[in-house]
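Protein chains in written order, with this note's numbering: chain A, 264 to 729; chain B, 9 to 197.
Derived by calculation from the structure, the hints in this document are not laboratory data. It is possible that some hints are incorrect.
Claimed, not checked - Heads up, simulated DSSO-like pairs for lysine-lysine below, C-alpha to C-alpha not over 27 Å straight-line:
#1 A:Lys352 - B:Lys118
#2 A:Lys352 - B:Lys152
#3 B:Lys80 - A:Lys352
#4 B:Lys71 - A:Lys352
#5 B:Lys118 - A:Lys366
#6 A:Lys352 - B:Lys102
#7 B:Lys80 - A:Lys354
#8 A:Lys344 - B:Lys102
#9 A:Lys352 - B:Lys128
#10 B:Lys118 - B:Lys128
#11 A:Lys354 - B:Lys71
#12 A:Lys366 - B:Lys71
#13 B:Lys71 - B:Lys175
#14 A:Lys366 - B:Lys175
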Amino acid sequence: MTIGGNEKWVIWSYWFAIIGGLAAYLGYALRSGDAAVYLIGEMSHAHHQIELACSSCHTEPFGGGAILQSACMNCHAEDLKASDDSHPKSKFTDPRNADRVAKLDARHCVTCHTEHRPEITHAMGVTLPNDFCIECHADIAEDRASHAGLDFASCATGGCHNFHDNLALYEDFLIKHQGEPDLHPVALTPTTADTALRRALIEHPVAPLDFHAADMPITIQVDQHTASDWEQTAHAQAGVNCGDCHSVDLNDGAGAIWRAKPDQRSCQQCHSDEVEGFLGGMHGMRIAAGLSPLQPRDAQLPMHADKADATLSCTSCHSAHRFERQHAASEACLSCHNDEHSRNYNNSPHAELWRREQSGQLPAGSGVSCATCHLPRTLHVLNGIEVTLAEHNQNANLRPNEKMLRSVCMDCHGLAFSIDALADQALVKNNFTGKPAQHVPSIDWAVRRHAMEGATGSSNPKEESR
Amino acid sequence: MMKVATKAVSTLGAVALLAGCGAETGGGGITPQAMSDALHSVMEADRTVYTRLIINRLQNEEKVIKASEHWKDEKGLVLPAQMFRYGAEMVAEKGANFSYSLLSLWPVNKQNEPRTEAEKTGLKFIADNPGKNYYTEEDLAGTKYFTAVYPDVAVAQACISCHNGHKDSPRTDFKMGEVMGGVVIRIPL
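From just these sequences and the hints, can you work out the full model?
Structure follows, in structure tokens:
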């Protein structure tokens, strides 16, 4: 049977109608901001919050590897640099490694971290089989007899190595910290955030404000509770008046109008490092991507149902006007987070120490709150001056959890104990109530090899085994 | 100012002018070998200056500060080999049209032993023929390269005391002035 001219015309009409309809629908979706129709697969835990902010990664409508790579680096370059990335891109752009790149193109993040592929995505957002190290290190047993017969899938999952961050796992570090006790005799974490702001206030003291000096518009009614919260806490003491937070010109054309609920842009004026951390982590990344603030109902981790519709901002944890740090350190976290690790916190030894510190039975720095580990106070050198900053990007030392060793665990615990504890998934879930059930032999192996090879000490340091 | 095709050539031009090294410019411009030789003369000079005036002086002679692979943790000096590699990595990150590395038949880090045929032949040649460079062309992943291997010799006591005493060094009898490894420069053709 042949198709006549009229029938062909009808088929073509249908075809154009379908294509036209589809184009109109997709075009409308794009213009109306309904990017969900374009999602080609659920995103990993790292990016699911911003999956509808397509342009965060797809910065241009057309373009492949280089554009995506540039988008990855927009957010992650700083962290890779800070962690002294063991496998920087520059290692793989050297032509002498072309044969290795042919097997595993480590010049591009997406080679190992492909998005929109939940069916093959596992820990750390890795989408390759776990034994990928074998591609370049198949002959490792020739140098490390202890590694003979080990499963290559265990390199990065056994608590010994990471692809990027080995700051607490490199051989000489293991040797340096051999034989440490499980718990140091003096186990204290950094306490006061010795920020540049605090230093400035000490050098240039300002007169504290009281309620008579409050500069809110006369149309604003302030209750006694709010007034005393402000008056008694750090902001009034530091001369920060109502308008300094509520009447900020945000360069949005509205001018310095009164805003009943200021957001992080007000806080940022004085607390830029903290806000930068907040926007870089899970709590603020949606705002950073130009989306509405995170709501617990959208989280992948289990959250308390009564907080499903809350919105994340600075004041979610640091309640407005009081800005208490103690509340923000644990209670605020646990009011939303409802996973096993969080639920077990209050019964953990860490929590007991925290309660005893709060009640004055133990010195400052003895307790371990959620924030002690997840928003730790870390030392930085800014313009030659050492300052302590509270890292508000809770993701900065979360995954892989060995990132916590130096920034958190080793404040109080020996390295071997810490490595064992972090590698014990059951112990992580019960919030470190008890001792590690298994032992990661990395320190033992490093020490044994060091002794057998007749090491010569730090004056002849190992060249570059990163 | 004259417009040049790439940053690499621009750098080379400046180097050639400043150093007066007589690059061959007749006919088709600067040859890959002239470019490579000029690049190496700068690398070698900087590397020697750092090793002698910083590492050897402060660590081995005045004993003020130590050099360490883990310079940040140990608050020490960056090792000469790291100094060289960090520079090479920065050049790579800038997308320069050439690459370079420091390799050896007796590397402390196995990743720095020869991998390609040109590297194997070249490192052996410069070790067997002191004072001579090795030039060749090689094909890597479909790209043809001009590849040069230059001897890297022990210029200070610090070089040999570190390598001869290192637990991971495959050779422990280096002497001053001996070839310890080679600088490999590649320019795509």
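(message) Does lysine 102 of chain B sit within 27 Å of lysine 344 of chain A, going by the straight-line distance between their CA atoms?
(response) holds, 16 Å
(request) Quickly compare the C-alpha distance for lysine 71 of chain B and lysine 352 of chain A to 27 Å and report which way the hint goes. (result) violated, 36 Å
(message) What's the verdict on lysine 118 of chain B and lysine 128 of chain B, does the C-alpha distance respect the 27 Å limit or exceed it?
(response) holds, 14 Å
(request) Take the C-alpha atoms of lysine 366 of chain A and lysine 71 of chain B, compute the straight-line distance between them, and say whether it is at most 27 Å. (result) violated, 46 Å
(message) Holds or violated: lysine 71 of chain B and lysine 175 of chain B, Cα atoms, limit 27 Å.
(response) holds, 22 Å
(message) Can you confirm whether the C-alpha distance between lysine 354 of chain A and lysine 71 of chain B stays at or below 27 Å?
(response) violated, 33 Å
(request) For the pair supplied as a hint, lysine 352 of chain A and lysine 102 of chain B, confirm whether the alpha-carbon distance does not exceed 27 Å. (result) Distance ~12 Å between lysine 352 of chain A and lysine 102 of chain B Cα, so the pair holds.
(message) So if I understand the rule, the pair passes when the alpha-carbon distance is 27 Å or less; does lysine 352 of chain A with lysine 118 of chain B pass?
(response) Holds, at about 19 Å.
(request) Measure nothing beyond the straight line between the CA atoms of lysine 118 of chain B and lysine 366 of chain A; if it is 27 Å or shorter, mark the hint as holding. (result) Between lysine 118 of chain B and lysine 366 of chain A the Cα gap is close to 20 Å, so the pair holds against 27 Å.
(request) Measure nothing beyond the straight line between the CA atoms of lysine 352 of chain A and lysine 128 of chain B; if it is 27 Å or shorter, mark the hint as holding. (result) holds, 24 Å
(request) Would you mind confirming whether the straight-line C-alpha gap from lysine 366 of chain A to lysine 175 of chain B stays at or under 27 Å? (result) violated, 31 Å
(message) What's the verdict on lysine 352 of chain A and lysine 152 of chain B, does the C-alpha distance respect the 27 Å limit or exceed it?
(response) holds, 21 Å
Of the hints listed earlier, those the structure fails to meet are numbers 4, 11, 12 and 14, in rising order.
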